[in-house]
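Chemist: Chains as they are written, first to last, in the numbering used here: chain A, 1 to 303; chain B, 1 to 210.
Treat the hints as calculated values from the structure; they're not laboratory data. Where a beta carbon is used, it is the ideal one built from N, C-alpha and C, also for glycine. Hints may contain errors.
[Stated by the list, open to error] Take a look, some chain B residues computed to stay more than 10 Å from chain A by CB distance:
| id | residue |
| --- | --- |
| 1 | Gly-16 |
| 2 | Val-18 |
| 3 | Arg-19 |
| 4 | Gly-52 |
| 5 | Pro-69 |
| 6 | Arg-75 |
| 7 | Ala-136 |
| 8 | Trp-157 |
| 9 | Gly-172 |
| 10 | Leu-192 |
| 11 | Thr-208 |
[What the hints assert, rightly or not] The calculated DSBU-like cross-link candidates involving lysine-lysine, where the alpha carbons are at most 30 Å apart (straight line), are:
| id | chain 1 | residue 1 | chain 2 | residue 2 |
| --- | --- | --- | --- | --- |
| 12 | A | Lys-213 | A | Lys-177 |
| 13 | A | Lys-255 | A | Lys-271 |
| 14 | B | Lys-93 | A | Lys-41 |
| 15 | A | Lys-196 | A | Lys-213 |
| 16 | A | Lys-63 | B | Lys-93 |
| 17 | A | Lys-206 | A | Lys-196 |
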Amino acid sequence: MSTTPSTAQTPETGTARVKRGMAEQLKGGVIMDVVTPEQAKIAEDAGAVAVMALERVPADIRKDGGVARMSDPDMIDGIIEAVSIPVMAKSRIGHFVEAQVLQALGVDYIDESEVLTPADEVNHSDKWAFTTPFVCGATNLGEALRRIAEGAAMIRSKGEAGTGNVVEAVRHLRQIKGEISRLRGLDNNELYAAAKELRAPYELVKEVAELGKLPVVLFSAGGVATPADAALMRQLGAEGVFVGSGIFKSGDPAKRAAAIVRATTFFDDPKVIADASRNLGEAMVGINIDILPETERYASRGW
Amino acid sequence: MSVTAQPVIGVLALQGDVREHQAALTAAGAAVRPVRRPEELAGLAGLTLPGGESTTISKLAVLFGLMDPLRAAIREGLPVYGTCAGLIMLADKILDPSPGPWGPGETPISGQETFGGIDMIVRRNAFGRQNESFEALVDVTGVPGGPVEGVFIRAPWVESVGAGTEVLAEHGGHIVAVRQGTALATSFHPELTGDHRVHELFVHMVRTES
Chain A
1 MSTTPSTAQT PETGTARVKR GMAEQLKGGV IMDVVTPEQA KIAEDAGAVA
51 VMALERVPAD IRKDGGVARM SDPDMIDGII EAVSIPVMAK SRIGHFVEAQ
101 VLQALGVDYI DESEVLTPAD EVNHSDKWAF TTPFVCGATN LGEALRRIAE
151 GAAMIRSKGE AGTGNVVEAV RHLRQIKGEI SRLRGLDNNE LYAAAKELRA
201 PYELVKEVAE LGKLPVVLFS AGGVATPADA ALMRQLGAEG VFVGSGIFKS
251 GDPAKRAAAI VRATTFFDDP KVIADASRNL GEAMVGINID ILPETERYAS
301 RGW
Chain B
1 MSVTAQPVIG VLALQGDVRE HQAALTAAGA AVRPVRRPEE LAGLAGLTLP
51 GGESTTISKL AVLFGLMDPL RAAIREGLPV YGTCAGLIML ADKILDPSPG
101 PWGPGETPIS GQETFGGIDM IVRRNAFGRQ NESFEALVDV TGVPGGPVEG
151 VFIRAPWVES VGAGTEVLAE HGGHIVAVRQ GTALATSFHP ELTGDHRVHE
201 LFVHMVRTES
């Protein structure tokens with residue numbers, strides 16, 4: 001990883017440090033899915049640290065079916081224009097040309113996302129080739145490290161987007177954190193075999209074993225619908241949360257958005273979470289994962 | 001307090017790269033405490049305001065009753081150090097990223113409150129969006145041993161300073177580090193590098209003050 005200090009006199013853009021450092025600035029915050037400039041403004045006013053610009057929230061992608069692609073550039077421009085906080089946008093897995101377009105549009109972060117229909121069933125995009133940093137989803141440590149090896153500067157546990165059900169987010173975050181804990185207990189001889197089992201580069205595995213954490217920021221995503229859900233993910237070790245359909249598919253988006261921000265900051269204070277949970281109107285209607293057919297599970301996209 | 005005692009320095013922990021500031025301050029010889037509530041300001045010898053999203057930090061500070069107590073504490077001389085978003089929060093006046101139709105200096109951001117404390121006008125995201133984020137070496141007055149590695153992320157710059165504010169560093173003709181009395185601010189993030197000299201300068205300021 002090129003985290004060595006720059007000795008150049010001229011400013012250097014797109015370094016690993018500015019890409020990963022950008023995600024460090026988002027820690028403790030909530031990143032919200034938005035589909036219009038108006039929603040982006042509501043998210044910013046509620047205290048979001050960034051917005052994710054997309055054409056349809058995951059719940060609608062599920063409902064409508066069809067191929068889900070990168071958003072319309074006009075829509076992304078409109079959202080960039082509307083807010084001063086960072087704007088992220090999604091590309092399909094392996095669709096590096098969508099990513100090139102998003103970089104050209106000047107988005108602040110690209111989410112190579114399983115929520116969109118994958119464009120390549122073998123390869124993810126080479127994320128080192130970009131100046132714009134990438135966030136990628138992962139269901140376990142090996143997957144997270146493969147994405148980091150490809151250049152991802154931030155990881156989010158996948159969860160199951162568009163369900164309003166936090167169970168998969170919990171499963172994936174616990175999986176990642178648990179595997180990190182196990183690495184901590186291994187000696188140097190065992191790390192080689194661990195790297196083989198994780199199907200991840202040895203250097204990254206060793207780095208995680210030494211740090212006791214990923215070398216990049218770890219957020220949680222996919223199914224967060226309430227302030228308590230957000231606080232749960234923080235208490236389980238997520239450094240921040242993505243909220244997709246949970247806000248703008250609820251009864252009172254502005255109020256729910258602000259409540260989730262409060263509960264994310266004071267994730268360890270049940271009184272604040274209780275207060276934030278009052279009178280929020282209706283939460284999005286959730287989906288039980290066990291009735292979701294395998295083919296409709298987004299988390300199994302990407303590998 | 002004796003010069004050798006460990007000063008207790010708070011890190012505003014509403015949002016942002018709190019852990020990195022805690023690590024840098026610890027390395028620079030301070031005892032560190034996160035601050036999210038007004039009562040946690042008691043007994044601090046200094047406070048750092050981390051990098052993060054200044055709009056979010058500002059809203060949370062209002063929501064959780066920190067805005068007024070913090071303003072008062074800074075006014076009464078609590079030493080403070082802000083990086084990036086923290087620099088924005090220390091500005092007496094802030095401007096939108098791009099000059100509006102009224103020209104620079106005429107478009108104050110509506111609704112975003114700051115703690116203030118440094119007589120300066122700051123332009124948010126002045127160096128550009130994430131694709132323009134960069135690293136460059138920066139000479140900082142008061143930091144011995146050569147330039148520091150400046151990590152600038154969607155960074156603000158200081159558009160102008162009042163008579164009592166000392167300019168400590170510039171990059172590309174723009175002010176990126178300032179000091180006014182016991183308040184210090186940088187557009188860049190020393191906490192993201194292994195180099196703790198700017199935090200050492202701040203800890204020294206805190207020690208001198210207490």
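Chemist: Each hint: holds or not?
Modeler: Hints and how they fare:
1. Not every beta carbon of chain A lies more than 10 Å from that of B/Gly-16, the smallest distance being close to 6 Å; the non-interface claim is violated.
2. Not every C-beta of chain A lies more than 10 Å from that of B/Val-18, the closest at about 7 Å, which undercuts listing it as non-interface.
3. Separation of B/Arg-19 from chain A is inadequate, the least Cβ-Cβ distance of about 8 Å not exceeding the 10 Å criterion.
4. Consistency note on B/Gly-52: stated as away from chain A, yet its beta-carbon is not over 10 Å from all of that chain's, at 5 Å minimum.
5. Non-interface status of B/Pro-69 relative to chain A is upheld: no Cβ of that chain comes within 10 Å, the nearest being about 17 Å off.
6. Every CB of chain A lies more than 10 Å from the CB of B/Arg-75, the least distance being 25 Å, so the non-interface label holds.
7. The claim that B/Ala-136 lies off the interface is violated: its Cβ sits roughly 4 Å from the closest Cβ of chain A, which falls inside the 10 Å cut-off.
8. Every CB of chain A lies more than 10 Å from the CB of B/Trp-157, the least distance being 13 Å, so the non-interface label holds.
9. Not every C-beta of chain A lies more than 10 Å from that of B/Gly-172, the closest at about 8 Å, which undercuts listing it as non-interface.
10. With a cut of 10 Å on Cβ distances, B/Leu-192 falls inside the contact zone with chain A, its closest approach being about 5 Å.
11. No beta-carbon of chain A comes within 10 Å of the beta-carbon of B/Thr-208; the shortest separation is about 30 Å.
12. With a CA separation close to 8 Å, the supplied pair A/Lys-213 and A/Lys-177 stays within the 30 Å bound.
13. A C-alpha spacing of about 18 Å is found between A/Lys-255 and A/Lys-271, which places the hinted pair at or below 30 Å, so the restraint holds.
14. Restraint check: the Cα-Cα separation between B/Lys-93 and A/Lys-41 comes to about 22 Å, which is no more than 30 Å; the hinted pair holds.
15. For the proposed pair A/Lys-196 and A/Lys-213, the alpha carbon gap of about 19 Å is at most 30 Å, so the pair holds.
16. A C-alpha spacing of about 47 Å is found between A/Lys-63 and B/Lys-93, which places the hinted pair above 30 Å, so the restraint is violated.
17. Restraint check for A/Lys-206 and A/Lys-196: satisfied, since their Cα atoms lie roughly 12 Å apart, inside the 30 Å limit.
Hint violations for this structure: numbers 1, 2, 3, 4, 7, 9, 10 and 16, all remaining hints satisfied.
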